[in-house]
Every structure is written in structure tokens, then in C-alpha cells.
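Engineer: Read top to bottom, the protein sequences are chains E and W.
Letter by letter, the first sequence follows residues 0 to 440 of numbering that gives the first Met the number 0.
Letter by letter, the second sequence follows residues 0 to 382 of numbering that gives the first Met the number 0.
There could be a bad hint or two in this list.
What the hints assert, rightly or not - Label pairs and their computed distance ranges (CB to CB):
1) W:268 / E:248: 54 to 62 Å
2) W:148 / E:326: 46 to 54 Å
3) W:301 / E:182: 31 to 39 Å
4) W:297 / E:157: 33 to 41 Å
Said to hold, decoys possible - List time: in silico BS3-like cross-link candidates among lysine-lysine, alpha-carbon distance up to 30 Å:
5) W:50 / E:339
6) W:59 / E:352
7) E:18 / E:254
8) W:77 / W:19
9) W:23 / W:106
10) E:116 / W:331
11) W:23 / W:50
12) W:17 / E:367
13) W:108 / E:352
14) E:76 / W:331
15) W:331 / W:23
16) E:352 / W:106
17) W:141 / E:352
18) E:420 / W:59
19) E:26 / E:193
20) W:128 / E:352
21) W:106 / E:367
22) W:108 / E:367
23) W:108 / W:17
24) E:283 / W:59
25) W:128 / W:157
To be verified - A few chain W residues that face chain E, going by a derived Cβ cut-off under 10 Å, partial list only:
26) 62
27) 64
28) 93
29) 110
30) 112
31) 116
32) 262
33) 340
Simulated from the structure, these hints should not be mistaken for lab results.
Ideal placement from N, C-alpha and C gives every residue a C-beta, glycine not left out.
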Amino acid sequence: MSNGQIWETRPLEFWNKAKELRAGWQKSIESKEKVVGQGNTFDLSFDWQAAFPALTIIEDNPVGAMMQNKNEPYARKARLASEIRGWGREICGYQGNCWGGQFLGYIEDGTPWPRRKFVVPMPCVCDQHAKRGQQARDFENMPQWMSDRLMYFGDYDAEREVPMMEHKVYCNFRQVNDIERIFGQRFDEEECIKLMEAGKETREYSKEIAYIMARTIPTPISVKDMYSVYTIGGLTKVDPAATVAFWKMVRDEIKWRADNQIAAVGNERFRWIEAHPPSWHYMKYYRYMEDYGAVCMGSQYSNGGANNYFMLPDGTFELRTDNTYPDDMPLETREDVLRKGAGIHARPTGGFKTDEYVYRDKIVQFAKFNQADGALLAIWRHGVGCTLTRKEQAMYLRDAGLSVMHYEGSQPGDRTDLDEKRLLDQLDTWMQSLGLRKSQK
Amino acid sequence: MDFKALVENRHEYAKAWKAKTGGKVLGWFEPYFPEEVAYAAGVLPVRVLAKHEPDDVSDKWIYASCYPVRDMVNQFLKGRYDYMDGLVNVEGCQWMYNAFEVAVNNKRKPDLFDHYFFLPDHTDAPTSKHVTRSELNVFKGKMEEWTGKKITDADLDKAIEVYNKNRLLLKQISELRRMEKPVIHGAEMMNIVLADQVMDKAEMNEILEKFIPELEAREPGKDRIRLMLIGSETFDTELEELVEALGGDVVVDELDNGTGYYWNNIIPQKDRLMAIGLKYLGRPKNPIKDNNWRRRPQHIFELAEDYNVDGALVVKQIYCHLHGTDNYAVWKILRERYIPYHFFERDMLLPVEDTTLRLESFMNMLKPGINHLAGWHKVFGED
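Could you put the whole structure together from the sequences, leaning on the hints where they help?
Structural biologist: Below, the structure written as C-alpha cells:
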């Protein structure tokens, strides 16, 4: 089988803008004037923290991933510090890195650890998320606020939703009020409304991007490229208007590329998916696979927009009902604003964790949506939430005709147990067993 | 009464119960499961206990779970639990949740009833009790639909009465372990609690009511090193038996399926479901439910004080992330309160030689400082 170039490919033009926005965020978290919190919190689908005048949130997951990605000796030292304090094997790498960094008192470039003033663990079905706030609170003696990732099985259930929604709104309401009281900052409801609107616009672009990406052959963008920008406006917090403008730019460019058959991978002949984050310290495997003409379409984790589509019996795809209230919902009080922000459903809809847990075979729909031929499903020894359903998903994918391969490691933010050479050998075997050969360079 | 035999013969017991009553058996996984509601519907709630046997089937379905969960999945896939008519899981440990899902999804029994009960992990919010009550009401409806029996207030009252009595009896036995020379040791106690979780509570109450006078009539045991067991759930009594063989005694535990199972009772109120909900929200916290305030370490300390322990065994199942994340706070309070402890990891099987050596070493370390072995108890006329 020939593996030469089939389609034209070009560098992405939104790249530089992404770098600029990312640098701005980095500068903002280094600012001394702000209250720095830890966590993502509130289970709100928009950048709520910007409604406070001087508050920045740092999330453990990207920080921990970045520590491992940028500086392996430092990440290892951090995990050692974490182990000495009582956490060792089987602890999520993101947490091991971040807790260790906190104990060491500095970050990977040697500058002081940005001390948090409060902590709000992101509500998640992952047990490690639920427990991650306490040690930070114990160590720094700072406030912590909790909430729940509300869950049930089956279709929407109005009876179960009502008290769950009250619980969700109460937790969010209390957190906002307490932060105001403790840190002397006023929560600006008008700003919050703007943030919500921006969040909604961004989500619309995200759905469109996911659709174009999945349904176009050759795909105009791979997840390898998407990972460079996908946190912008979310974990990488930037101005709401700039966020919307950025994602419009991304959508426009991807649409143009799709219309003109500009490929992410010029020799695309095999599309594969994943299930969770990649090994952040070893993203080389994406490019390695591209030598075989194999392009990664991402995962239910990376492609949030794709989770909004579901497959009809005739094989076509339709958008799910959005979890947002109508635009003209009256917003007269803080409670109104927070209720709107919480969405219509207490149980998140279209979230990859909900899909993974409640609709285990939804990954098959994701694969079909992306016109995938195979799946590479990592299984992480230290990542309970990253691993839980992986074997079962593999069975469903195989039943649907996909070729599936697993590889093992510690956790996306912990390089310890990942045998990189073995992974590449496995990939070679997998690809070659499917009749694919590396392109001649 | 041979409680260990009751545990070992639990499958036969449940099958016989079904044959006798024509009722349904509902398997449950998580210790926060409100059994009272199922019991009120005439159902037999049975705890799914892990039992090790060579596992050649679970790897297809799960990866890296703790070993009890793997063993549960192994058992489900091999049909050991085929007599169960339904399964219910309560929001809690994710590995346990996965065992529940695999048991349902493998389609071995297509007509298996299943339900997921959301009991908030954040148990401390004022709204948590309303969510729990609502979930209880939903579950009550599911039970009514499944069994075709309307659950009345009188049914709930009866179930609450039976379960409260059961917990009181277990606590009554547990109190006897506070004696200087307990008449019941850790292995037997754990077997009682495990048997309790797989039997009809009314029947178990009769057994316990007869057993307690027998217990009180026993001759006090000999002086033993008093240990506390902390950590992941246990599904057999191998460790307790090992401790006893070495001259020690697990006089109290803090396990979810040990003292946690019977420690607090339902305080009756007109709104029965709220009363049940408050009991489960207020039970001794396991790590996932203790994710806000730190209540668990203090509870451990109080048990250690009340049961006059000489030391503690902190035992974690490999891959138990929740205990792994909580342990440092437990170690901290033990250190601060001068309670010696020994930590180790285990799976379903204990490596006997290794564990014996380590336990013996730990217990030898404790001996010189143990006041009750030096005869202080005699001052208070306990002999």
C-alpha cells in the first residue's frame, strides 16, 4: 500500500494568536494583586471567576500535566516530595505533581509556587477529584468549598433533578457569597451574564468545529493540533470577547480548510480515536502514527463539541438539546444569574464523563461520528477516573468493527510506568498488522 | 454459633431464603445503601462480598481495580451470584461502581433489576439531605414497581425497628470488646458483622439475642495486645486471625463494613425517608464521603481511646485511591495522639509469611510500653 502524500496540508494560522493568549494568561496568574484559587469549581460551563474583579483560578490538571511535560526531573522531585508526605503509588499524577510542587515551594522554572488562597475541587465523578482539595487546605490552612457531580442513570428524570438542582445552585451560591465575604471582592452579576453569553457562543463554535473535523475527509485538523489550543477560554482563562473572537477564528480557518481539502495529515488513510487525555509527557506518538497516515481524531475528553451529537437509527447525527436556558430568561437577582449558569439539567448533559458512565457505548457513536477505523485506549494504573470504563469500551468498539489497542502507563501526568519504546513497538505492530506501512521520507 | 460458616454459606442461605419466601434478593455494593427501604418491600438485601478464586475472566472487563472488585467481577461473570434478582449501587467508590456496572452490563441475567442511588459525596451541605430524601423516594418507588408491593409507613416503621435493633445488638457485642480481657475477639466479631450483611435481619436479631448471653457467660480471655484495624474494607477475617495467632486482638475497627456498618441508628421521625436519609448522611464517614471537613480522623481517634488500643494497623487495599488519599491525615492524627501504627498494603490474599513477620515485629515493639499488660487493670478490679 502506498503511503505518499494525498492531500495538501498547511500550517495553522491561528497558532500565533493562541500563543499570544496563552502568554497573557501566564502573565495574569503571576500578578501579585490577585487572589489565586485552586480548582475549576461550580460545575458552571463558563469562566465564572472573571466576574470577580481580582481573582484567578489555577487548575491542578493542566499545571500538573505541564510540570511533567516541561521538566521531568522536577516532576519526579515533586512526586517524591508528595510520597514523603504520605502519598505514593496509585495517586493521580496531576495531584502528585501539584501537591509536591506545593511542598517544595517552587515551580519548574525555580520561581515561587503560586500560593492559593482557597480551594474548590472540581466536581467530578473521579474519586481523586473529590478528595484533592483537602490536602491543599490542610497544608495552607485556607478555605475549601465542595459541591457534587450529580449523577443518575437512564433518561432525564424530573423528580430526581429538582432537589439535585437546588443542591447544585446552593453550593454555587454559597461559594460566591463566601468568596465575596472572605476576600472582600464583589461578584459582578452583569459581568457574569456577559461571561455566560460568551461561553454559549464559544460552545456553538466548538460544536461546529467538532462537526467539521469529524465529518470531513481528510480532517482539516487533528487532535494533536487541537490540544495546543483547546484550553483557551476554559482552563486558560482569557477575556471573554477575546475568547469568542479566537474560537471564531479557529472555526473560520477549519471551515476554509475543509472546503478546500487542506488536510491535517497529508497522507491520511486511517483515523483513530482515544478515550482520555494522552500521556502529556510523550505526545510524540501522534506524529509517529502520522507516518503511517494515521490521524488522531481525539476523544470524548478532548472533543467536547462532538459530545453534543448523537446518532440517529439511520446513521445520521443530530445535536442534543442544549443544557442552557433561553436567552430571554429574566435575570433580576444573583440567584437568577447562578441558576441560569447552572443550566437546565443538574446532571450534566453531553459531558464526556456522563457519557462514559451513563452511556458506555457512546464511544462507539463518537467513533462513528469521527469516521474512525481504530482506537488506541490508554489504561492508567494511577488514574481511576481515566481508566474505569476503558476495557468495556474496547469491547463495544471491537463489536462495532474497530481495531483497538491498549497501552499501559501511570497516568497522563506521570511518566513513571510508561515504556515509551514499547509503546512505539506496539504502534508499529498495530499499524503493520492492519496492512499500513510508514511513509518514505 | 459459627458465624464464619454463615458467611461462607451465604449463597446457600440466600437461595434457601428465596425458596422459603418466594421473595427477591437484592445485591448491594456500597456501605451507604439504605437497606431499610428494600427490606420494607419484602426484599432480602445481601451485601456483595468478594471471595478470592483464580481469576481468568475479569481482565476482559476491568483494569487496575482493587482486588476485591476484581474478585467480585470474577464471581459475577462465573455465575456465583446468579441467584440475585437485582443489584443496587450507591454513589461512592468508583471501583465498586465499576463492579456494579460490569455485573449489569455483561448481560448474564438480562432481566436483572438495577438501580444507582445518588447519595451526595458532599454530605455536609444543607441541601444534601433533600437530595438523599428524594433519592430514597425514587428508590422506594422502584422497589414498589419491582416487587408489586406498596410500601406503607407501617412497613418502613417495621424495617426501621428491625434494623435499629440489629445495630443496637451489634453495638452491644462491640461494647464487650472494651473489656480489659474481651470475651470476643476481632475475627469472630468481623464474621458476625459480615454475616449480618448477608442475612435476613429479623433472623439475625434472634441469633444475636441468643448469642449475647452466651457471650457474656464466657470466661474472659487472656491478656492480649489490643489493636485497631483502619482502612479499606475487608471481606474475610484472615488478618484478624493472624493477629490472634500472634497473641494480639483487633478490639475495634474503623472499617466501612465493620463498625461503620452499625455505628449509628435511625432517629425516628414522621418523615420516615428523611429519618433514614439522615442516618446514612450521618454515619461514620468513609474517605469519599469525608471530602469536606475532616471528620474521619477524629472518629478514629475516639474509637482508639474508647477501646484502649495499644496500636493500630492501617491496611490499604492496593489500588484503593480513596484510602490512599486519606491515609496521611489518619497517620497524622495517630502520630499526634501517640498511637503507634503499622501501615501496609494488601490485596485479597495476605502473604502470610511476610505479614506475620511484620505484625510480630510491630507487636513486639508495642509490648514494653503496654500498661494493661503490666497489671494496671487489676487496680480497677477487672480480674
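Engineer: All hints, please: hold or fail.
Structural biologist: Verification of the hints:
1. One distance hint, 54 to 62 Å for the beta-carbon pair residue 268 of chain W and residue 248 of chain E, holds here, with the actual separation near 59 Å.
2. With their beta carbons about 48 Å apart, residue 148 of chain W and residue 326 of chain E fall inside the hinted range of 46 to 54 Å.
3. Checked against the hint of 31 to 39 Å, the C-beta distance between residue 301 of chain W and residue 182 of chain E comes to roughly 35 Å, which is consistent with it.
4. Checked against the given bound of 33 to 41 Å, the beta carbons of residue 297 of chain W and residue 157 of chain E, roughly 40 Å apart, stay inside it.
5. With a C-alpha separation of about 49 Å, the suggested pairing of residue 50 of chain W with residue 339 of chain E is violated against the 30 Å cut-off.
6. At roughly 21 Å between alpha-carbon atoms, residue 59 of chain W and residue 352 of chain E fall within 30 Å of each other, so this suggested pair holds.
7. At most 30 Å may separate the alpha-carbon atoms for a hinted pair to count; residue 18 of chain E and residue 254 of chain E meet this at roughly 21 Å.
8. Taking the CA atoms of residue 77 of chain W and residue 19 of chain W, the gap is about 25 Å. The hint holds against a cut of 30 Å.
9. Using a Cα cut-off of 30 Å, the hinted pair residue 23 of chain W and residue 106 of chain W holds, with the two alpha carbons roughly 19 Å apart.
10. Between residue 116 of chain E and residue 331 of chain W the CA atoms are separated by roughly 23 Å; this keeps the pair inside 30 Å, and the hint holds.
11. A C-alpha spacing of about 23 Å is found between residue 23 of chain W and residue 50 of chain W, which places the hinted pair at or below 30 Å, so the restraint holds.
12. At roughly 45 Å between alpha-carbon atoms, residue 17 of chain W and residue 367 of chain E are farther apart than 30 Å, so this suggested pair is violated.
13. Taking the CA atoms of residue 108 of chain W and residue 352 of chain E, the gap is near 26 Å; set against the 30 Å cutoff, the hint holds.
14. As the CA atoms of residue 76 of chain E and residue 331 of chain W are separated by approximately 23 Å, the hinted pair is consistent with the 30 Å bound.
15. Distance check on the hinted pair: residue 331 of chain W and residue 23 of chain W sit about 45 Å apart at the alpha-carbon level, beyond 30 Å; violated.
16. The hinted pair formed by residue 352 of chain E and residue 106 of chain W meets the criterion: a straight-line CA distance of about 23 Å does not exceed 30 Å.
17. Restraint check: the Cα-Cα separation between residue 141 of chain W and residue 352 of chain E comes to about 25 Å, which is no more than 30 Å; the hinted pair holds.
18. A threshold of 30 Å between alpha carbons decides the hint, and for residue 420 of chain E with residue 59 of chain W the separation of about 25 Å falls inside it, so the pair holds.
19. With a CA separation close to 23 Å, the supplied pair residue 26 of chain E and residue 193 of chain E stays within the 30 Å bound.
20. Using a Cα cut-off of 30 Å, the hinted pair residue 128 of chain W and residue 352 of chain E holds, with the two alpha carbons roughly 25 Å apart.
21. For the suggested pair residue 106 of chain W and residue 367 of chain E, the alpha carbons sit about 24 Å apart, so the restraint of at most 30 Å is met.
22. With a C-alpha separation of about 29 Å, the suggested pair residue 108 of chain W and residue 367 of chain E falls inside the 30 Å cut-off, and the hint holds.
23. At roughly 17 Å between alpha-carbon atoms, residue 108 of chain W and residue 17 of chain W fall within 30 Å of each other, so this suggested pair holds.
24. Among the hinted pairs, residue 283 of chain E with residue 59 of chain W is consistent with the structure: their alpha-carbon atoms are about 28 Å apart, no more than 30 Å.
25. Taken as a hint, the residue 128 of chain W and residue 157 of chain W pair is honoured in the structure, with Cα atoms around 22 Å apart against an allowance of 30 Å.
26. Because the smallest distance between the Cβ of residue 62 of chain W and any Cβ of chain E comes to about 5 Å, under 10 Å, the interface hint for this residue holds.
27. The closest approach between the C-beta of residue 64 of chain W and any C-beta of chain E is roughly 8 Å, which is under the 10 Å cut-off, so the hint is satisfied.
28. With its C-beta approaching chain E no nearer than about 5 Å, residue 93 of chain W sits inside the 10 Å limit, and its interface hint holds.
29. Below 10 Å, beta-carbon pairs count as interface contacts, and residue 110 of chain W has none with chain E, the closest being about 17 Å; its hint is therefore violated.
30. For residue 112 of chain W, the interface hint is violated, since its Cβ never comes within 10 Å of a Cβ in chain E; the closest pair sits about 12 Å apart.
31. A distance limit of 10 Å between C-beta atoms decides the matter here; for residue 116 of chain W the minimum to chain E is near 9 Å, and the interface restraint holds.
32. A distance limit of 10 Å between C-beta atoms decides the matter here; for residue 262 of chain W the minimum to chain E is near 22 Å, and the interface restraint is violated.
33. The beta carbon of residue 340 of chain W is not positioned within 10 Å of any beta carbon in chain E (closest approach about 12 Å), and the interface hint is therefore violated.
In summary, the structure is inconsistent with hints 5, 12, 15, 29, 30, 32, 33 from the numbered list given earlier, while agreeing with the others.
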